[in-house]
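Protein chains: 2
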Amino acid sequence: MRDAFHDELDALSDQLVEMTRLVHSAVSRATTALLDADLDLAESVIAADEQLDAIHHDLEERSYDLLARQQPVATDLRIIVAGLRMSADLERMGDLARHLAQVARMRYPSSAIPADIRAITAQMGAVAGRIVLKAGSVVADKDVKAALELERDDDEMDALHRQLFTVLLDDDWGQGVEAAIDLTLIGRYYERFADHAVAVARRVVYLVTGEHPTPEQVAAV
Amino acid sequence: MRDAFHDELDALSDQLVEMTRLVHSAVSRATTALLDADLDLAESVIAADEQLDAIHHDLEERSYDLLARQQPVATDLRIIVAGLRMSADLERMGDLARHLAQVARMRYPSSAIPADIRAITAQMGAVAGRIVLKAGSVVADKDVKAALELERDDDEMDALHRQLFTVLLDDDWGQGVEAAIDLTLIGRYYERFADHAVAVARRVVYLVTGEHPTPEQVAAV
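Chains A and B, in that order, give the protein sequences. In terms of UniProt numbering, the first sequence is residues 1 to 221. In terms of UniProt numbering, the second sequence is residues 1 to 221.
One chain only, chain A, in its complex shape:
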């Protein structure tokens, strides 16, 4: 039998998982909005960010309440403080998805994504979607193996980010400075998005194992 306190901890964890679901939806739709120059979709991502902010705020208040009422120590204490930080990471990932949608909105009815960048953008969007789904599994199931896999997805994102700059800096780049600026920011948003997902996963690994993941563990997955 779980006690009421641990039920409340589980409820916090459920809220984090719900945030990963909303963030996944946001980044997936933002990517489509960018690729298809879809204004309605972009607007829906921008509007939906409020919901994430509200959950983040609610999770904060409940965490403080739990800290004050239950005076948890050791592991329970670390779970709550780590949860506060994961919530902040996920809230920020929502902001970054919103920034992507804002670029799509700013360039509408044109697309911010030139033809020769579509494939890289679609891949960055796919990796972003995958990495936040995995972060959800890591939080829900305390799955350390998935957490280590997710670091590999982040390496893939970094490789795509470098590939993007290679295209932008190629002598054949003919899309001008405005498109290069948009894509520099878009690339940065995706890269930071993945970094925050990694941060979420690492906090879970630390909670479960008491240690930060080593490069050897990541390489061995």
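Be aware that a few hints might be false.
Identical copies carry no separate label here, and so any pair may be met within one copy or between two of them.
Straight-line C-alpha distance at most 25 Å; calculated DMTMM-like pairs for lysine to aspartate or glutamate [to be verified]:
{"id": "1", "residue 1": "K142", "residue 2": "E61"}
{"id": "2", "residue 1": "K142", "residue 2": "E8"}
{"id": "3", "residue 1": "K142", "residue 2": "D10"}
{"id": "4", "residue 1": "K142", "residue 2": "D76"}
{"id": "5", "residue 1": "K142", "residue 2": "E60"}
{"id": "6", "residue 1": "K145", "residue 2": "D158"}
{"id": "7", "residue 1": "K145", "residue 2": "E211"}
{"id": "8", "residue 1": "K145", "residue 2": "E156"}
Calculated directly from the structure, the hints in this document are not laboratory data.
Once you have looked at the hints, place chain B on chain A.
Chain B only, in chain A's frame:
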């Protein structure tokens, strides 16, 4: 007479103020490294970031220890959790200063800053330095008025950031795509730096007043 617990809270606050001092030094030197294409200075900023990471880590451990040993409630609890977040903001500001220095290093022996962008970059650096110094005063003196002033500095940073894009997107821009990409990232780093300083100040305002600063309060300063 303060008790030992409140002495420990003061020590955490002192550590945060020390972080603002190191971050100020980092962003000021990174700006000079960019403007003067000074490789040694850039390297010194990159190397010094470890020290900030170490303080952040130490502050985290001491905060957890304090939470576990003292079981603080209400205001004391919020002070410690807010301190953890301010420390994370300041650590991130150090990362952003390091990113600025890394751009300077990457472009050495050239400067990443073309002649027509020098003035804006110097101003962004000056605002960044000023805003983190104010954040230090806000943390040290719980100075709500300085916290509100600092929001105005952030508005100035946003205006400089917009001005930077105006220059980059001008038809007369003749520095090519690589310089535009560098400057897009540099502008983003300064802007995020200021955002984190605002976050630090807002946390102090919230601790002191129990409320988040309103736009009216900010406008009235």
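Now for the hints, and whether the structure bears them out:
1. In this assembly of identical chains, the alpha carbons of K142 and E61 lie at most 25 Å apart whether taken from the same copy (23 Å) or from different copies (23 Å).
2. With identical chains, the CA atoms of K142 and E8 are at most 25 Å apart within one copy only, with a shortest distance of 17 Å there and 34 Å across copies.
3. In this assembly of identical chains, K142 and D10 lie within 25 Å of each other by CA distance solely inside one copy; the values are 12 Å within and 36 Å between copies.
4. For the homomeric pair K142 and D76, the shortest alpha-carbon distance inside one copy (15 Å) is at most 25 Å, but the shortest distance between copies (31 Å) is not.
5. Taking the closest pair of Cα atoms, K142 and E60 come within 25 Å of each other both inside a single copy (21 Å) and across two copies (22 Å).
6. In this homomeric assembly, K145 and D158 come within 25 Å of each other (Cα to Cα) only inside a single copy, at 21 Å, whereas the closest approach across copies is 42 Å.
7. Taking the shortest alpha-carbon separations for K145 and E211, only the intra-copy value of 14 Å comes in at or below 25 Å, while the best inter-copy value is 42 Å.
8. In this assembly of identical chains, the alpha carbons of K145 and E156 lie at most 25 Å apart only when taken from the same copy (17 Å versus 46 Å across copies).
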